[in-house]
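**Q** As a plain string of letters, each chain reads:
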Amino acid sequence: MTAQSETLLAVDGVSLSFGGVKAITDVSFDIRKGEIRAIIGPNGAGKTSMLNVVNGFYHPQHGRITYKGKTRPRMRPYQAASQGIARTFQNVALFRGMTTLDNIMVGRTLKMHRGLFWQMLRYGPAMREEIENRRVVEDIIDFLQIESIRKTPVGKLPYGLQKRVELGRALAMEPELLLLDEPMAGMNIEEKEDMCRYILDLNKYFGTTIALIEHDMGVVMDLSDRVVVLEYGHKIADGTPEVVKADPKVIEAYLGVGH
Amino acid sequence: MLYNIFIDPFVQMAQMPDLLVQTLWEGLVSGVLYALIALGFVLIFKASGVFNFAQGIMVVFSALTLVGFYEKFSAAGFSGHTAAFVALVLTAGVMFVLAMLVERVVLRPLVNQPDIILFMATFGITYVLIGFGEMVFGGDPKQMIASELFLPSGSVDVEMLGGMVSFQKIDIAAAVIASVMIAGLALFFQKTRIGRALRAVADSHKAALSVGISLNQIWVVVWFAAGLVALVTGIMWGARSDVSFALEIVALKALPVLVLGGLTSVPGAIVGGLIIGIGEKLGEFYWGPLLGGGIESWFAYAIALLFLLYRPQGLFGDKIIERI
Amino acid sequence: MFYRETGQFKQSYAADQAVFPILQDRLGLAAILVVAFVIVPLFGNEFLLASVMVPFLILSLGAIGLNILVGYTGLLSLGSAAFMGVGAYAAYKLSTIFPGVNILVWILCSGFFAAGIGVLFGLPSLRIKGFYLAVATLAAQFFLQWCFVRISWLYNDNPSGAIEVPARTLFGLAITGPSATPVTRYLVVLVIVVGMTLLASNIVHGRIGRTWMAVRDMDIAAQLMGIRLLPAKLLAFAVSSFYCGVSGALMVFLWLGAAEPSAFDIKLSFLLLFMVIIGGLGSMIGSFFGAALIHILPIVIRGLPEALGLPIAAATVEHLTYLIVGALIIFFLIVEPHGLARLWQIAKQKLRVWPFPY
Ligand SMILES: Nc1ncnc2c1ncn2[C@@H]1O[C@H](COP(=O)(O)OP(=O)(O)OP(=O)(O)O)[C@@H](O)[C@H]1O
Ligand SMILES: [Mg+2]
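So the sequence lines, in the order shown, correspond to chains Z, G and Y. Take 1 as the starting number for the first sequence in the UniProt record's numbering and just add one per residue. Take 1 as the starting number for the second sequence in the UniProt record's numbering and just add one per residue. Take 1 as the starting number for the third sequence in the UniProt record's numbering and just add one per residue.
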């Protein structure tokens, strides 16, 4: 997208450690509204931890995070969710005992407000709300082409489909910022292509801002507007894919010294 | 009111230190026995991840079996120390058979099921043991064959702190035997091949499989070990009171001990046992009258609950790391 | 052949979001209700009504309550009997303090007291999980039971320490106390249980139910979807305890007629847990299956020797019951760890493709 658009999220000097392990050290970067931002780096670089910081699951020891112009205090994950940050996970974190449909319906939780009384009767406002949200969920199911597994318990689905359902669940939240943690890991070429198309479509037609962790460099180069590179918790490069690809530090980090 | 709760009990403690010592000692002894039951839980939980609800009933069952064998022998005109020890060995044999049966009939078919299913299955074992035990041995309380097993009786009265404190010899014996047993188990885990294998299983089932340790054997071994621990507990407990299925409710007290210590920790079971045992006796003696007495029935659970709020994984439990 | 969804196209999401989307299911349910409301009261004898059906329904209600907590929300509880007790004592106190108000009102209100206490003991569930929580719920079990014994105000200083049900009427018909006939008691229980089951089923099929299941399946991901764990878990505790409380009140008022504190001891908690697990975690119909099995099986075992003319002592039969129930628990867990409800589903699945399974 255009480089001039405004900043949606700014990470400023964030450091995070677990006991003695330093997962992230003094990392700053920003995500602009409407862009696809990739976060790459070798295993253990702190990418997942970074996303966890962004949506409030980990609390950094140092640094500030500014989201939608507001520097936010320590917040809880559900608060991040209610501010429009959605997420998929590196190791699929679906609700295994529930069907595809129910999993995605859970994504609508924040959009549903009827309380116990109406829920109990399953009538009137509660039923209307249920149907309105079901309609939205069906659109997502159509978009992701998972109509046939609507009523299948997700535990029984193959891995690639699970990742797709997980994306659907995140989309159901109608997020402004979508965090994707290795959405294509373990997929074959066709599945990857499908997933790339969904991500691009999302970005293009719905204007969703996306932060993406991915190991497949080809995918990263094709999809992303800008890339930030982490290594051992430090940021070593930041810029457009072409710039980053040419950066000697990145080449070294990926290929190791002496190559 | 506040005075009664926060000051008066301590004044009493200071005024009559001999009574305090007596209470502490009684707490210590029941704590040791709780710890022993909890130890049986920990053994099984560590090696197989099964929360074995049947441990309490195994205590009762083994004690009843022991007494039952001895009664048969003495009915045949064969009694005394030798008979008692033969009965002991036979009971150990029964516990081994039980371990085998449990592994074959219950654990093996349920491998890889969720924890709660295995937990429920041990409820099934509990019911089977209760039904079977009562059918064979009847529901009446029985006398433990304490003196035949060279366990002392009577008490030592020590004059101290301006009063008399009396120590039951059997309690002293219980404390000593429990300590020996715990040391023995620790050695077994550290030094023997099978002990190391057990620890490997505890750390990772897959790892254990990949170095060629048979899970089935290990289950039999831990259940047998837990059975022996149950037997010892049953003897000590039976010697202090009677042997009957009423012990079952006492065995439930091992649960707060267990969570207090952290489900997987042997030292945790011991420390937890002592805390609960002593806390409970102190609570009952000094604070119980304020509430109308009988608080022993829930005090242990309340201690455990409050403690867990502060440290959800127990004293020595592995810290729960949440990742995603 | 006869049970299938082919040809039943849903015209709207409303139809598809219904609790029973398949026509035959609805017909089956209707048939069951006809049997329960018409056939059983007409043809059932006193034993069937008073000793089989009434307890079965009341225990089912308790099992539904526990299932909401254990099966739907994944919070293991060993204290459900104590919450039943809270309901029973609350109903007793209310009905003796305000004798003018209809007893059914108090029976339903007693649920709120149980819910309140349940929420109190549910507070630790935010920090404490799994087996640790199970043990923590034992604190509720033993503490509340101690209260039932020690606080004599709860049983109106009755010297026996028991609560005795006063005789009360509805539309002039005795529904509690010795003069209430089994048929009226059965029908009253049936109406309450069916109604409350319907409500519970609605809850678990809607947003709240999904929230609970999300917490059960993966609480971290649930949080990241905007679900707040504490309110979700406390609501589960509240609803669950409400059901247990009403079930406890019904148990005393329409089944036992009088109860001592030991009626709500830990054995009952265990029995409810068996029902839930054998019936099927996270299944409404499973709660009924489980209650049927656990309640009716011992009756059958007790009755069998007599029916066959075998001279077995009563005590032995009691022990045999334990043995057999224990063995059956293990058996069912091995055959189908997901409970009778899953077996039922599989059977329906088979029926759906019958007679051409390919
Ligand atoms: N909850 C935690 N407790 C302790 N250490 C943690 C925790 N979460 C992450 N770490 C550590 O922080 C470091 C960074 O981990 P992170 O998962 O963020 O890496 P990553 O870049 O996502 O790696 P990968 O490509 O393998 O997913 C690692 O050393 C990891 O062990
Ligand atoms: Mg990662």
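If you're looking for bench data, these hints aren't it; they were derived computationally from the structure. Please note: incorrect hints may appear among the correct ones.
Simulated coverage check for chain Z against chain Y, where a stretch passes if three residues somewhere in it have a Cβ under 8 Å from a Cβ of chain Y [claimed, not checked]:
1. 73–79
2. 90–102
3. 119–127
Backbone N, C-alpha and C define an ideal beta-carbon position, used for all residues, glycine too.
**Q** Would you check chain Y against the segment 119–127 of chain Z, counting CB to CB pairs closer than 8 Å, and say if three or more residues qualify?
**A** Result for this restraint: holds, n = 6.
**Q** For the segment 73–79 of chain Z, count the residues whose Cβ lies under 8 Å from any Cβ of chain Y; is that count three or more?
**A** holds (count 3)
**Q** With a Cβ-Cβ cutoff of 8 Å, does the segment 90–102 of chain Z contain at least three residues near chain Y?
**A** holds (count 7)
Of the numbered hints given earlier, the model fails none.
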